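Student: Sequence:
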Amino acid sequence: MHKVSRGFIYFFGALGGILFGYDTGVISGAILFIQKQLHLGTWQQGWIVSGVLLGALVGAIVIGPLGDKFGRKKMVLTAAVIFFIGALGCGLAMGFWSLVLFRFILGIAVGGASTMVPMYLSEVAPAEMRGTLSSLNQLMIMTGIFLAYVTNYAWSGLYSGWRIMLAAATVPAAILFIGGLFLPESPRFLVRVGKVDEARGVLGQLRNADQVQAELTDIEEKAKIKMGGWGDVFSKVARPALIIGLGLAVFQQVMGCNTVLYYAPTIFTDIGFGVSAALLAHIGIGIFNVIVTAIAVVIMDKVNRKTMLIVGALGMAASLFTLGIAMHYSHNSMTAAYIAAIALTVYIAFFSATWGPVMWVMIGEVFPLNIRGLGVGLSGTFNWGANMIVSLTFPTLLAALGTEKLFIGYGVLCVLAIWFVHSGVFETRGKSLEQIEGYLDERAGVAAKN
Numbered sequence: 001m002h003k004v005s006r007g008f009i010y011f012f013g014a015l016g017g018i019l020f021g022y023d024t025g026v027i028s029g030a031i032l033f034i035q036k037q038l039h040l041g042t043w044q045q046g047w048i049v050s051g052v053l054l055g056a057l058v059g060a061i062v063i064g065p066l067g068d069k070f071g072r073k074k075m076v077l078t079a080a081v082i083f084f085i086g087a088l089g090c091g092l093a094m095g096f097w098s099l100v101l102f103r104f105i106l107g108i109a110v111g112g113a114s115t116m117v118p119m120y121l122s123e124v125a126p127a128e129m130r131g132t133l134s135s136l137n138q139l140m141i142m143t144g145i146f147l148a149y150v151t152n153y154a155w156s157g158l159y160s161g162w163r164i165m166l167a168a169a170t171v172p173a174a175i176l177f178i179g180g181l182f183l184p185e186s187p188r189f190l191v192r193v194g195k196v197d198e199a200r201g202v203l204g205q206l207r208n209a210d211q212v213q214a215e216l217t218d219i220e221e222k223a224k225i226k227m228g229g230w231g232d233v234f235s236k237v238a239r240p241a242l243i244i245g246l247g248l249a250v251f252q253q254v255m256g257c258n259t260v261l262y263y264a265p266t267i268f269t270d271i272g273f274g275v276s277a278a279l280l281a282h283i284g285i286g287i288f289n290v291i292v293t294a295i296a297v298v299i300m301d302k303v304n305r306k307t308m309l310i311v312g313a314l315g316m317a318a319s320l321f322t323l324g325i326a327m328h329y330s331h332n333s334m335t336a337a338y339i340a341a342i343a344l345t346v347y348i349a350f351f352s353a354t355w356g357p358v359m360w361v362m363i364g365e366v367f368p369l370n371i372r373g374l375g376v377g378l379s380g381t382f383n384w385g386a387n388m389i390v391s392l393t394f395p396t397l398l399a400a401l402g403t404e405k406l407f408i409g410y411g412v413l414c415v416l417a418i419w420f421v422h423s424g425v426f427e428t429r430g431k432s433l434e435q436i437e438g439y440l441d442e443r444a445g446v447a448a449k450n
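In UniProt numbering, the protein residues as written are 1 to 450.
By construction, these hints were calculated from the structure, which means they are not laboratory data.
Quick caveat: nothing in here was measured; it's all calculated off a predicted structure.
Hints are not guaranteed to be accurate.
Said to hold, decoys possible - Across the chosen pairs, the derived CB separations fall in these ranges:
| # | residue 1 | residue 2 | range |
| --- | --- | --- | --- |
| 1 | Gly46 | Phe8 | 38 to 44 angstroms |
| 2 | Ala167 | Glu198 | 33 to 39 angstroms |
| 3 | Thr393 | His331 | 20 to 26 angstroms |
| 4 | Lys74 | Ile299 | 31 to 37 angstroms |
| 5 | Met334 | Arg6 | 49 to 55 angstroms |
Stated by the list, open to error - In silico DSSO-like pairs for lysine-lysine, Cα to Cα no more than 30 angstroms straight-line:
| # | residue 1 | residue 2 |
| --- | --- | --- |
| 6 | Lys431 | Lys302 |
| 7 | Lys3 | Lys431 |
| 8 | Lys431 | Lys74 |
| 9 | Lys74 | Lys224 |
| 10 | Lys69 | Lys195 |
| 11 | Lys224 | Lys69 |
| 12 | Lys195 | Lys226 |
| 13 | Lys431 | Lys69 |
For each residue, glycine too, the CB sits at the ideal point set by N, CA and C.
Construct the entire structure; sequences and hints are all you get.
Tutor: Right, dumping it as structure tokens:
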């Protein structure tokens with residue numbers, strides 16, 4: 001086993017998030033040029049944009065559970081290879097169907113990364129730092145989205161610049177694969193497959209010497225429970241975790257987050273900004289996202305997860321209500337237009353500091369060890385499914401309701417999310433993964449004999 005520093009493990013463990021963010025963000029700029037060169041209609045553009053979402057649905061439900069069978073590290077490496085193939089194929093695609101195919105392949109890697117990265121980080125991080133280290137995933141995602149915006153802007157002057165935009169993801173994919181070769185396997189997976197001495201060595205890299213044996217003993221106790229199947233995912237013991245995983249995954253999307261991020265330039269032009277100013281504002285949003293997410297990383301283990309989710313949803317609801325009302329008056333008032341722009345920025349700040357990172361942190365930590373891959377994979381699938389539904393329905397709802405009513409509707413869903421968190425989510429901050437699993441046993445009335 002290669003000895004590497006803790007910082008190396010945490011950085012490369014989270015690096016898949018950059019690819020996740022880049023590949024979901026780059027299409028917003030590239031599609032403008034793809035449409036002109038390949039002479040695509042609206043329906044074809046929709047397939048190219050949603051190809052990644054369809055692939056992500058498959059990747060999340062397939063690669064997540066495979067992590068329980070073959071290990072977290074192997075699946076991270078597999079995702080890196082698929083990323084590379086998909087990105088290169090998109091850059092070289094000669095027509096509509098080949099581009100859709102490689103976007104779908106790319107989506108498999110995006111979905112796989114969205115489940116494996118939070119799972120891996122939650123399992124290698126110490127309990128007192130798990131929120132901070134797991135939320136590095138979201139920081140990497142936002143960094144990837146920002147890099148996509150910059151790449152779109154940088155290559156927008158070239159006739160075939162979209163090929164460079166899409167193929168550029170091969171570089172971080174290769175870096176992830178090379179770095180991933182030196183990552184240790186999750187100690188919890190190693191104990192699960194009987195490699196206790198190797199797990200002890202990994203924990204020795206990640207913990208202080210006096211912490212290793214106590215944590216290893218806790219892991220061994222939970223690992224005695226046999227590997228679970230889908231029946232265990234829906235069992236009485238796992239039900240609270242499943243409610244949290246699926247509920248947070250769906251609410252994170254239906255609160256309008258990706259709609260606001262993807263359509264921010266359109267929103268800026270609609271409220272009176274010029275096209276070039278809107279594109280630059282998009283890059284500004286990317287920078288702002290990274291900064292706010294970095295702040296969230298710092299405070300993640302200092303504030304309760306439930307508190308962050310409730311405050312975040314409250315701030316997002318207020319911002320969306322303000323945005324909707326301001327946009328109603330923005331065509332006749334520059335003051336209203338600027339209020340709308342400020343409300344949009346505040347909304348993004350609340351999302352990036354709370355629901356963006358906290359959802360991924362929590363789905364990586366609430367499920368018991370014997371079904372963690374299945375649970376995280378299913379939650380990721382629901383997240384991508386909700387993402388796709390919101391993205392597909394947005395143009396129709398926008399035409400039927402108008403911008404003002406639609407964003408107020410998303411605000412109402414933010415209020416419903418507050419109720420869900422208050423009534424259906426239990427606190428996980430500061431607890432080890434084994435303590436969380438013990439809590440689930442207690443709630444189900446199971447005596448913790450193991």
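Student: When the structure is checked against the list of hints, which entries are broken? Sort them ascending.
Tutor: none
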